[in-house]
Amino acid sequence: MTDAPRIGDTSARRDLEKHEVRVAEGTYPPTEEMLSAPIDPEESRATADRLLKAWYAPQGWRYWSAVNNSEVGLWYALTSFVFMLMAGGLALVMRLQLAVPDNDLISADRFNQFFTMHGSAMMFLFAVPMFEAISILLLPAFLGARDMPFPRLSAYGFWAFLIGGVFIMGSLLFGAAPAAGWFMYPPLSTIDEGVGPDIWLLGLSFIEVASIAAAVELIVGTIKCRPPGMRINLMPLYAWYVLVVGVMILFAFPPLIAGDFLFELQRSFDWPFFDPARGGDPLLWQHLFWIFGHPEVYIVFLPSIAVAAMIVPAAAQRPMVGYNWIVLSAVGTGFLSFGLWVHHMFTTGLPTISLGFFSAASEAVVIPTGIQLFAFVATLLAGRVKMILPMLWIAGALAIFTAGGLTGVMVALAPFDWQVHDSYFIVAHLHYTLFGGMVFPLIGGIYFFYPFIRKQRMSERLGRISFWLTFVGFNLTFLPMHLTGLLGMPRRVYTYPAGVGWDDLNMLSTIGAFVIASGILVFAWDLVRPKGDEMKERNPWGAGDLMWAHDIPDKFWGVRSIPYVTSRNPLWDQPGIVERMDAGGYYLPDAQEGLRETIVTSAIDAQPQFVARITGPAWCTMWAAAFTGGAFILPVFHMYIPAMICAVLATACVIYWLWTSTALIPEHPMKDVGMGLQLPTYVSGPSAPGWWGVFITMLGDMTAFASLIFGVFFYWTASEQFPPPLAEHADGALVLASAVLYGAAWGATRVARPLNRDGQVALAQVLLAGGALAAALGAGALVWSILHLDPTSHVYPAILYAIAVWTAVHTIPGIIMQFYCLAGTIFGKIRPTYDAPIWNTVLFWHFLLVTALVAAFTIGALPGML
Amino acid sequence: MAAHEKPDLPAHRNLFRMILAPTIWAIHFLLAYCTAAIWCAKDLGDPDTLTLVVTGYTVAAEVAIVFLGLKMWTQWDYLDDYDYVHSESTDEHRREFLGHAGFMLACLSFVAVIFNTMPVWFAGTCL
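So the protein lines, in turn, are chains A and B.
Here the first sequence is numbered in the numbering used here, starting from 96 and rising by one per residue.
Here the second sequence is numbered in the numbering used here, starting from 2 and rising by one per residue.
Any given hint could be a false lead.
[What the hints assert, rightly or not] What follows is a set of in silico ranges between Cβ atoms, one per label pair, in the way DEER data are often shown: (1) His883/A x Val112/B: 49 to 55 Å; (2) Leu32/B x Pro764/A: 48 to 54 Å; (3) Gly854/A x Leu45/B: 43 to 49 Å; (4) Tyr83/B x Leu468/A: 25 to 31 Å; (5) Val112/B x Ala864/A: 51 to 57 Å; (6) Phe17/B x Ala918/A: 50 to 56 Å; (7) Thr442/A x Leu32/B: 36 to 42 Å; (8) Ala864/A x Leu45/B: 49 to 55 Å; (9) Tyr85/B x Pro124/A: 20 to 26 Å; (10) Arg479/A x Leu32/B: 37 to 43 Å; (11) Leu821/A x Leu32/B: 32 to 38 Å; (12) Phe17/B x Leu468/A: 24 to 30 Å.
[Said to hold, decoys possible] Partner residues are not named here, just some residues of chain B that face chain A (Cβ under 7 Å, in silico): (13) Pro23; (14) Ala61; (15) His94; (16) His101; (17) Ala113; (18) Asn117; (19) Pro120; (20) Ala124; (21) Cys127.
[As the list claims (entries may be wrong)] Where chain A lies over chain B, by a calculated footprint (3+ residues, C-beta under 8 Å): (22) 28-39; (23) 65-77; (24) 103-109.
Read the hints as simulated data drawn from the structure, not as lab findings.
These numbers were taken from a predicted model, which means no experiment stands behind them.
Even for Gly, the Cβ is constructed at its ideal location relative to N, Cα and C.
One chain only, chain A, in its complex shape:
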């Protein structure tokens, strides 16, 4: 990610193909005179009116078509909070069941459903979505941006999340919920005859798609939507964490999606990926699950620490000590957390040496994790601390998380883990890390950010009551569990006999659980109770970041004008910045065309690059989410034809959404954004957020594909003979033909881009159509090459089928994109100088080509070499 050349640098005027492109013109950075020039109040009022009109909030029932980050983020956060309360309710019932020995309050099966859904919902419906919700809500404010780069994508993600979450939680009411534990280990889950595992697999895959959508949005938002001047060394620490976590999601979730894909193929079509009798291996699922599952813990933890990183400087009233150290620890934790996954599998009989690697990495991750905690403590020591209520929650979080970290160091040692694996000691450890690392900072964060979100204050008194109830209740519940576990009580048993020394400890935990619940309910009441008038003061905590320049009452424009930033804490260091922002004295104070716009800046130095036109309220995102939901949910009930119809309709909605509202040809190629700067209104290629969106999505997609290929090698190492000696193989000639056809399809698309630029539109159209044809034939040849194999007979043909199906399915969007570009050139949506969709299509095809060639190699050539 190198940065664009400077404004005014002549080499900036050519893109990758040496074509002239429009770039920013005029004065940048702004001069002192510009920054202190008086602003005409008349004009300021007129521009404010126009801006407000462009950023209107839909009224009445149309309110639900809103896509503003402030609305979508709020719905998202409240929805996941409701799911959290439900999952907490399940925990209370479980604790009641375990309060006394030999209890029969609920049946074993219901207990299984409850602990499975408690874990799954807390992780997939609360922890990760809550991070995304809060980030969607807060990130633009931290960055002084009007909105996220793809507001409709956020809305789509939210509606998908809502549908998927209601579906999964709803299954509890029918007694049909998944019951095999939140990690769904086969063979227990593959032989389950109910729909529970299918609900889990398809429902959560659907939500994972929504999570990845949000991650794309947040990464692009962080690197492209910072205000001018906010170079990478000035980013709020929150943005650093969002960037790291977004990238982690991109590499952590796709292996689970690949695992879900294999799992569901086994459940629906009996392809034996995890069946040892036919060459499969249940451990492959464990690997794919935990390659996701361990980074997931850090995906949950880091954003909460990010919240703490914003509260600590406000409480200490001084900038964070060791900004660099925190960046180091965020990035370092992001990396090291990918080397820990086997520590969940210490008892599976892997070689000692393999366990050693993961044990060592688990100990090493303590270094960066510890560094950030020390940086917080140092900041508090160096500043004059006001013990504001949010800081109380953060202090509680640090205490509890540190205790969880210490037991983490213990269980990272394989021999100790062998003793406590699957016992209540682990339950205690994971709750200490997640409650301390996620729930406490989150609630502290809500107390801290509530004045920004709702323009009102929460109650100081209720907040303190809630804190002490939750803190005491938490330790009452989970501290004894260490002992219960060491005394040998296994996890996930629905009852236990009397007189083995577990009775009193369990009773204590049950009492503690209800104390926690009372604390959370006090908080929930404080959250929703009516609070009277809006507050007068804009910056109640005296914090230094841009967020606290917010408008009271709320305006939907995000910021009145986009500031020029020269400090990490602009509100402390740039006197008069808030007044000037309010008066429209910075960039983009106006919306002459009545469009929603924000400034896109370069990734490293935040130099203004172009004015992005952002999408507004729409229903098509909701329809797209509903049909996507159908495509994922209907296969649970083996309704494959309706599911396919839903998939087609979802695609149609997305195409309509893209065609009508993205990469629109502007009325004028340049626009004056104020302070003597003119910016282009349309860019293609790597300057455009859409290009980054495709790039980041496809990086995640590649990770999922790599996980499938990992599966092939895994089967090779795990079994004596893979491929089996007498196995039939793919038809080599067809595989080769497929590779050649994919190459041709890619080449045609790639060449069409410069041809269109040069005005040879007809030739480009022929190439795009020919490319689509070649792609279809290539996919056909790949599938045909293995059609004579029987995927249910052995895992070898099954994995070849899985790879071929994966590649063929990915070819469909490739072809749709080629036709989209073809149609664009015919109907005037794409012109020689306005060609962003072609750039994005070519980028997609780079990834598709790699997928196709690797697939062809794995199917056609690799088996002969193993």
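Dock chain B against chain A, hints included.
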């Protein structure tokens, strides 16, 4: 000040360069893990040879990390102005920030690679 006259090259504006050292850690980790897994599954010889092979990876990885660390140290250029807070919106501060963060990441990666070699020294067995 001399620091202002230093050239600001595209490499100094590169975020990927900053995370190259931990990427080397990741590659080393995967190589060591995969080699050991294949070694044990396919019975490729005695564990002492495995220890040598993985130690070889470590030497290569550490050389690369030290090289990168030195580059990042030069980019930070601490001894020039003893600047360790990079909180201004200037080319110099951004360059030094990326160098500083990259240097520290290289140090962390150096230690983490040693952590991930210790198992072959102390527990080098497939059992």
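Here's how the hints hold up against the structure:
About 53 Å separates the C-beta atoms of His883/A and Val112/B, a value consistent with the hinted range of 49 to 55 Å. Leu32/B and Pro764/A have their C-beta atoms about 50 Å apart, which keeps the hinted 48 to 54 Å range intact. Against the hinted window of 43 to 49 Å, the Cβ-Cβ separation of Gly854/A and Leu45/B comes to about 60 Å, which falls outside the hint. At about 27 Å, the CB distance of Tyr83/B to Leu468/A agrees with the hint of 25 to 31 Å.
Between Val112/B and Ala864/A the C-beta distance comes to about 56 Å, which sits within the given range of 51 to 57 Å. Look at Phe17/B against Ala918/A: about 36 Å separates their beta carbons, and that is not inside 50 to 56 Å. About 25 Å separates the C-beta atoms of Thr442/A and Leu32/B, a value inconsistent with the hinted range of 36 to 42 Å. In this structure the hint that Ala864/A and Leu45/B lie 49 to 55 Å apart at CB holds, the actual value being about 52 Å.
Remark: the range hint 20 to 26 Å for Tyr85/B to Pro124/A is upheld by a beta-carbon distance near 25 Å. Roughly 50 Å separates the CB atoms of Arg479/A and Leu32/B, a value that falls outside the hinted 37 to 43 Å. A C-beta distance of roughly 34 Å is found between Leu821/A and Leu32/B, which places it inside the suggested range of 32 to 38 Å. Checked against the hint of 24 to 30 Å, the pair Phe17/B and Leu468/A passes, with Cβ atoms roughly 28 Å apart.
A least Cβ separation of about 4 Å between Pro23/B and chain A falls short of the 7 Å threshold, and the interface hint therefore holds. The restraint placing Ala61/B at the interface with chain A is violated, with a minimum CB-CB distance near 17 Å, outside the 7 Å limit. Given hint, His94/B at the interface with chain A, holds; its Cβ is 6 Å from that chain's nearest Cβ, closer than 7 Å. Hint status for His101/B: holds, given a least beta-carbon distance of 5 Å to chain A, under 7 Å.
The interface hint given for Ala113/B is met, as the beta carbon of that residue sits about 5 Å from the closest beta carbon of chain A, less than 7 Å. At a threshold of 7 Å, the smallest CB-CB gap from Asn117/B to chain A is about 5 Å, leaving the interface hint in force. A least Cβ separation of about 3 Å between Pro120/B and chain A falls short of the 7 Å threshold, and the interface hint therefore holds. With 7 Å as the threshold, the beta carbon of Ala124/B comes within range of chain A, its nearest partner Cβ sitting at about 4 Å, so the hint holds.
Among the interface hints, the one on Cys127/B holds; its C-beta lies about 4 Å from the nearest C-beta in chain A, closer than the 7 Å criterion. For a cut-off of 8 Å, the count of residues in the segment 28-39 of chain B with a CB near a CB of chain A stands at 6, and the three-residue condition holds. With 0 residues having a Cβ less than 8 Å from any Cβ of chain A, the segment 65-77 of chain B misses the three-residue criterion, and the hint is violated. Residues of the segment 103-109 of chain B lying with their CB closer than 8 Å to a CB of chain A number 3, which satisfies the three-residue condition for coverage.
Of the hints listed earlier, those the structure fails to meet are numbers 3, 6, 7, 10, 14, 23, in rising order.
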